[in-house]
Amino acid sequence: MLLTVVIFLPLLAAAVLLAVPGIPGRAAIGVWIAASAVDLALVGWMWWRFEPGEGASGVVDGLAYEADVQWIPTVDAGYHVGVDGLSLPLLALTGVLFLACAIYSLREPDRPHTYAALFLFLQTACLGTFASLDLILFFVFFDLSIVGMYFVIAGWGHGNARRSALKFFLYTFIGSLALLVGFIGLFLGSEERTFDMVALAANPPLADSPVAGGLVLLAIGLGLAVKTPLFPFHTWLPDAHTDAPAAGSAVLAGILLKLGTYGFVRIAMPILPDAWQRWAMVAVVVGVISVLWGAFVALAQTDVKRMIAYTSVNHMGYVLLGLGAAGLVASADEEARTVATVGAMYQMVSHGLLTGALFLLSGVLWSRGHSYAFDRWGGLARPAPVFAACLAVAAFGSLGLPGFSGFIAEFQVFTGALQAAPVGTVIAVVGILITAGLFLLALQRLLTGDTVVPSETEPDETCGGPVPGRTDGGAATATLPRKASRMADLRGHEMASIIPLLALVLILGLFPRLLLDVLEPAAMAAVELVSR
Amino acid sequence: MGDERVLALLPELLLLLGAVGGLLLGLWTPQHRQWRVRLLVTVACLASAGAAAVALAEPAERVFEGTWVIDTTTGVVRIVVALGVAVLVWLASASLAGHPRETEAYVLMLLGGLGSIALAASGDLLLLVAAYLLASVPLYALAGFAKDSAGVEATMKYYLMGAFVGVLMLVGVAALVLAAGTTGYLDLAAQLPEASPALLAVGVLGVLAGVAFKAGAVPVHFWVPDVTAGTTPPMAAYLTTIPKIGAVAAAFRLLAEPFADVPLDVPLLVAVIAAVSMTLGNLAAFNQTDVLRLLAYSTVSQVGYLFMVVAVAARTDLAVPALAIYLAGYAVTNVGAFAAVAAAPTARTITDWATAIGRPRWIALSLVVCLLGLVGTPPTAVFVGKLAVFAAAWDGALVWLVVVAAMNTVASLFYYLRWIAPAFAGVPAIPVPVEGAGGAGPRTAAGTAQTVHPAPAMVLHAAAVGSILLGLGAGVWLGITSGAV
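Chains as they are written, first to last, in the working numbering: chain Z, 1 to 532; chain F, 1 to 485.
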């Protein structure tokens with residue numbers, strides 16, 4: 001019951017916002033903040049009361065706050081939700097990040113009611129996906145998150161927002177239909193004909209038909225890979241990110257990408273253990289390619305936001321490397337595979353916080369100068385020291401410096417994966433170097449040197465119709481006379497949204513047991529299920 | 001008739017009573033008081049639906065010497081058609097109120113609904129032909145009801161095509177009678193496996209052509225866009241909803257009973273019809289700028305999904321619930337989408353919706369729900385329907401069809417978004433090709449003040465809510481239809 005309240009409380013607040021148009025704009029955002037804060041408090045309470053259990057616990061047993069109601073009895077699909085060590089950290093991440101976005105949007109001037117209502121709707125969709133223990137319910141929330149995000153990008157984005165939104169919708173919708181086809185395959189392949197994840201994981205379907213199992217895994221993997229996104233299905237991501245509003249990008253990268261990787265841990269691995277073992281090497285290879293591809297392409301960007309977007313591809317690659325290594329049963333012992341899985345899960349939380357902070361910081365740039373181009377900004381450390389400090393912390397966290405959560409995550413991924421896939425791991429470590437380089441380069445470009453700020457009087461790029469090519473746009477504007485003017489530092493609500501995220505990154509980096517205590521039993525359970 | 005239970009046909013009798021009563025009442029009612037007829041027709045429909053719901057709890061039976069089948073499929077069609085006609089009468093009232101022939105329109109709508117139910121319930125080829133006529137003739141009159149040139153052209157096209165396909169169907173029935181010597185479905189099912197393959201092929205093709213025409217499936221779908229765009233929006237909603245429901249159910253029964261064990265691969269034929277319908281419907285919808293034509297092609301593609309479950313009618317027990325939920329979901333959502341057009345009759349193109357609509361936010365929201373519902377976005381009814389249909393088709397060994405349908409669903413998203421984006425944000429999703437020369441459909445001055453008719457707007461909101469509620473309450477609906485409740 002508590003979990004149901006947590007999931008649907010934001011939706012209720014959204015309905016109130018839509019139904020009562022008389023609420024003033026600021027108050028509408030206030031309702032949003034209040035609803036998100038209450039929701040986060042409830043998730044915190046759940047965390048407080050949650051018993052992680054001893055040894056392997058999660059996925060098929062040790063589920064807390066369960067609710068199970070029949071929905072479509074003919075195909076045995078139902079409203080089955082519950083929490084274990086895999087989903088609880090992501091539920092908490094969702095609560096934290098949405099609250100941060102709500103605070104950040106305090107001064108959102110444009111149609112605040114609909115904006116707040118859409119984000120609250122999205123929050124319900126994301127919480128619901130993480131809490132689902134039924135494939136159809138998972139799919140319902142998964143698809144609704146796409147719909148919500150489409151409207152956020154199309155309605156409040158900038159630049160070529162509608163085209164990007166359309167691209168995002170079409171790409172991820174293809175993915176979600178592949179997922180649906182895969183789910184139907186699991187349903188028909190199971191003995192008792194059910195969509196219930198717990199029942200399917202306890203008695204995995206298609207165990208004795210490797211071809212069918214492989215094809216179903218292909219469909220599910222395709223669907224999740226588009227969402228994650230993994231190379232070569234990542235091409236929707238930079239456009240969607242660049243043109244989305246800052247809070248939208250933060251949610252898209254921080255939460256929505258995790259729906260994909262979470263699907264691998266929750267669905268692909270425990271329900272198709274046989275196929276996952278057989279094809280784990282593919283996951284490792286795709287993960288490593290994503291690591292390198294994301295890093296190299298990010299290095300070449302001239303646009304801050306696109307760069308951050310590509311680092312997401314890179315970071316999600318580590319997750320896949322860890323999860324793939326967890327499936328290489330023959331070449332690694334159980335301990336190593338558990339460490340890899342824990343690292344992958346840790347990376348999801350860590351990346352959510354870091355990339356959320358980075359995108360909100362890039363939103364600050366947009367609000368000050370309506371540009372993300374590297375060559376139109378410079379020397380920001382002098383006029384905006386708090387902004388510079390936050391950006392530096394987020395960047396160092398992202399490149400995996402010890403003391404931040406990213407280090408704990410990547411260290412575990414590499415430790416766990418080294419035994420199973422030594423070559424892939426060594427190649428992936430190179431990705432860290434490139435990421436370090438590109439983040440340092442970005443810091444250098446933005447924070448050091450003479451202060452350069454786009455002047456307010458310059459024509460707004462958004463009004464100039466479709467920009468033929470982003471790099472061209474950057475080059476063209478570089479010839480304009482640069483005008484140094486004041487760059488306002490972070491305002492109160494911006495600090496209140498970004499600094500807590502960075503503080504959490506630091507806490508999780510210094511005291512990893514807080515999260516590991518919850519993650520480890522569930523990861524152990526997932527690894528045991530895979531090695532069946 | 002002796003011991004036949006006449007009351008087994010109570011839902012149909014109530015509809016007939018409503019039609020006759022409405023006609024008589026209309027004769028003695030002044031023109032400005034014709035709402036009485038509307039009320040009577042609505043009451044008759046609701047009573048019929050209620051009687052049908054009660055009948056669902058009873059075991060399946062065949063009455064009148066096996067010609068009239070009363071089972072889950074019939075029950076679903078009875079309820080959906082009766083409720084659909086009741087809603088459509090109110091949807092049409094905005095444009096029909098005070099019309100000199102108002103009563104006639106309502107009565108014809110009832111009779112067409114009766115024909116649709118008869119299609120679904122027939123267990124005999126001759127009754128199927130009679131039902132085909134009953135589901136066609138009133139519709140010809142309704143299509144041209146406005147008596148304007150577009151409507152007359154639409155009616156002519158509809159009528160000529162209907163007459164042609166009717167002949168094909170008669171040839172098919174004659175061939176089957178020649179092959180098996182009987183017209184009853186159960187006897188046919190026993191006799192046809194040994195019949196001559198040539199006769200059988202002619203028979204199967206002819207009969208399927210008839211039901212495919214009523215359903216608006218490829219290759220006999222040509223009437224759909226012209227009739228939809230030529231007639232008024234409420235009539236377009238009627239013509240693309242009510243007869244399709246009965247026709248799909250009729251095809252389902254044909255595949256499940258007489259054609260179940262024939263030596264031809266009829267399921268493959270139907271699967272190909274399904275695949276081609278959804279693909280061609282989607283491809284043709286891509287470039288439409290007239291919202292009615294867009295919806296017309298969308299109904300063609302929706303019939304493709306419905307025919308998926310027809311193809312596996314005899315192969316899996318997941319088929320009947322899939323049909324039950326998809327038919328109901330399709331009816332609700334499709335009526336909702338057409339109600340949006342009826343609510344703003346002057347906004348006929350996508351650009352009109354971009355520039356003029358968007359201010360009444362609730363209309364835009366309900367329209368988005370209905371259109372996303374047609375795509376099959378959860379948790380709407382069509383999503384549950386698609387899920388059930390996909391599962392049934394896969395279970396019936398048509399995995400390739402599931403893949404085709406999934407790809408088509410993605411493709412359909414594209415043109416629905418072309419309409420959703422302007423309706424929601426007030427700006428086209430992608431640059432709309434320059435309209436003018438060669439464009440289809442009547443054009444209106446963009447940006448002019450739009451009046452929103454209250455009755456269709458209410459239907460639109462009700463359909464949006466109904467689509468979500470039916471999706472969330474799919475278990476309840478399936479429980480009712482299977483007679484468990």
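Simulated from the structure, these hints should not be mistaken for laboratory data. Ideal placement from N, C-alpha and C gives every residue a C-beta, glycine not left out. Take these hints with a grain of salt, some might be off.
As the list claims (entries may be wrong) - Just so you have them, the derived chain F footprint on chain Z, three or more residues with Cβ under 8 Å:
no., segment
1, 131-140
2, 433-439
To be verified - Computed list of lysine to any residue pairs in SDA-like fashion (alpha-carbon distance at most 20 Å, straight line):
no., chain 1, residue 1, chain 2, residue 2
3, Z, K167, F, R5
4, Z, K167, F, S95
5, Z, K167, F, V63
6, Z, K167, F, F414
**Message:** Please check whether the segment 433-439 of chain Z has three or more residues whose CB lies within less than 8 Å of a CB on chain F.
**Reply:** violated (count 0)
**Item:** Assertion that chain F covers the segment 131-140 of chain Z - criterion: three or more residues, beta-carbon distance below 8 Å
**Value:** Result for this restraint: holds, n = 3.
**Prompt:** CA of K167 (chain Z) to CA of V63 (chain F), is that 20 Å or under?
**Reply:** violated (55 Å)
**Asked** Is the hinted pair K167 (chain Z) and F414 (chain F) satisfied, with a Cα-Cα distance of at most 20 Å?
**Response** holds (10 Å)
**Request:** Take the C-alpha atoms of K167 (chain Z) and S95 (chain F), compute the straight-line distance between them, and say whether it is at most 20 Å.
**Result:** violated (40 Å)
**Prompt:** Within a Cα-Cα threshold of 20 Å, do K167 (chain Z) and R5 (chain F) meet the stated pairing?
**Reply:** The hint is violated at about 59 Å.
Checked against the numbered hints given earlier, the structure breaks hints 2, 3, 4 and 5 and satisfies all the rest.
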